[in-house]
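In the order they appear, the protein sequences are chains A and B.
Under our numbering, the residue at position 56 of the first sequence is numbered 56, and the numbers go up by one with no gaps.
Under our numbering, the residue at position 142 of the second sequence is numbered 142, and the numbers go up by one with no gaps.
Source of the hints: derived by calculation from the structure; they are not laboratory data.
Each hint should be verified, as a subset may be incorrect.
When chains are identical, the list treats them as one kind, so a pair holds in a single copy or across two.
[Stated by the list, open to error] Restricting the straight-line Cα-Cα distance to at most 25 Å, the calculated cross-link-like pairs of lysine to any residue (SDA-like) are:
#, residue 1, residue 2
1, Lys80, Leu58
2, Lys80, Pro116
3, Lys80, Asn156
4, Lys154, Tyr76
5, Lys80, Lys154
6, Lys139, Glu125
7, Lys157, His129
8, Lys157, Phe17
9, Lys148, Asp15
10, Lys80, Leu152
Next come the chains, spelled out residue by residue.
There are 2 protein chains.
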Amino acid sequence: MRYINFEEEEAVIPDEFFMNEALKEAHEALKLDEVPIGAVIVHKGRIIGRGHNLTERLSDVTAHAEMQAFTAAANYTGGKYLKDCTLYVTIEPCVMCAGAAFWTQISRIVYGASDPQRGFSRISERIVHPRTEVIFGIKATECGQLVKDFFLRKRNKS
Amino acid sequence: MRYINFEEEEAVIPDEFFMNEALKEAHEALKLDEVPIGAVIVHKGRIIGRGHNLTERLSDVTAHAEMQAFTAAANYTGGKYLKDCTLYVTIEPCVMCAGAAFWTQISRIVYGASDPQRGFSRISERIVHPRTEVIFGIKATECGQLVKDFFLRKRNKS
Numbered sequence: 001m002r003y004i005n006f007e008e009e010e011a012v013i014p015d016e017f018f019m020n021e022a023l024k025e026a027h028e029a030l031k032l033d034e035v036p037i038g039a040v041i042v043h044k045g046r047i048i049g050r051g052h053n054l055t056e057r058l059s060d061v062t063a064h065a066e067m068q069a070f071t072a073a074a075n076y077t078g079g080k081y082l083k084d085c086t087l088y089v090t091i092e093p094c095v096m097c098a099g100a101a102f103w104t105q106i107s108r109i110v111y112g113a114s115d116p117q118r119g120f121s122r123i124s125e126r127i128v129h130p131r132t133e134v135i136f137g138i139k140a141t142e143c144g145q146l147v148k149d150f151f152l153r154k155r156n157k158s
Numbered sequence: 001m002r003y004i005n006f007e008e009e010e011a012v013i014p015d016e017f018f019m020n021e022a023l024k025e026a027h028e029a030l031k032l033d034e035v036p037i038g039a040v041i042v043h044k045g046r047i048i049g050r051g052h053n054l055t056e057r058l059s060d061v062t063a064h065a066e067m068q069a070f071t072a073a074a075n076y077t078g079g080k081y082l083k084d085c086t087l088y089v090t091i092e093p094c095v096m097c098a099g100a101a102f103w104t105q106i107s108r109i110v111y112g113a114s115d116p117q118r119g120f121s122r123i124s125e126r127i128v129h130p131r132t133e134v135i136f137g138i139k140a141t142e143c144g145q146l147v148k149d150f151f152l153r154k155r156n157k158s
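Make the full structure from the sequences, and use the hints.
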């Protein structure tokens, strides 16, 4: 038999699994007629913060999925830094959210679909902390399609 | 005699007046042993949002003075955009806060002291919305000195 040390095994949980959790958050936003973007923050295989876009509901441009997730994770850990954590978010973070990620010193950012209009990388990759690893393209089609369909429905209604 | 229409007169309230209000917020942060940065948001001569840095108190890197002020102003107006508003902040906004200002479509940003380490302009001036006017250097010495003295005291203590 083989003993499994979960602390060692956790690394094998694939990014797709957590991106799927972020997608669940995006669907929560969709239910509220918000732009469907979702995020989770993971530490050692455990989700410690979740968030979905609530800018319309809260009438607050700062209420992006990532910002909610950062605040939730900070509440969970009791500390403001998110070292050894990964942010999973369905769409490329905007400048504000990437700027917030910088302050958290988060270890990894994994995003689904790129955002050529408002993504941070259109301005500068230097917005992200030099020690933060950035991975993108995980479930990109599904993540991107959710937002595209949302705006398509909005345009067809008006 | 002369009737004064406050709606017309308001434009003459000098930026120094509102920067002083932002400085009062910075002093509130200082009382809590937070990095002393303060902000107010002004619409037609009236302060509609105030905020001071609370990152330590809230263990939350997103709790910058400007972010608190944006949220407060949005709560006040009930809308998420801050057109025809001015943000006064004692120190140059960071990337996160300038990115948030972009989303608010705020008309003017007036800041005191520049921040060569973390100010948005070290990355790109394109972070700010193209229709947002940026003015800086208002009460710069006082605004900057407050933060410098804070860190000097911290270093001397440790």
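| request: State the violated hints by number, sorted upward, taking the hints as numbered earlier in the document. | output: 4, 7, 8
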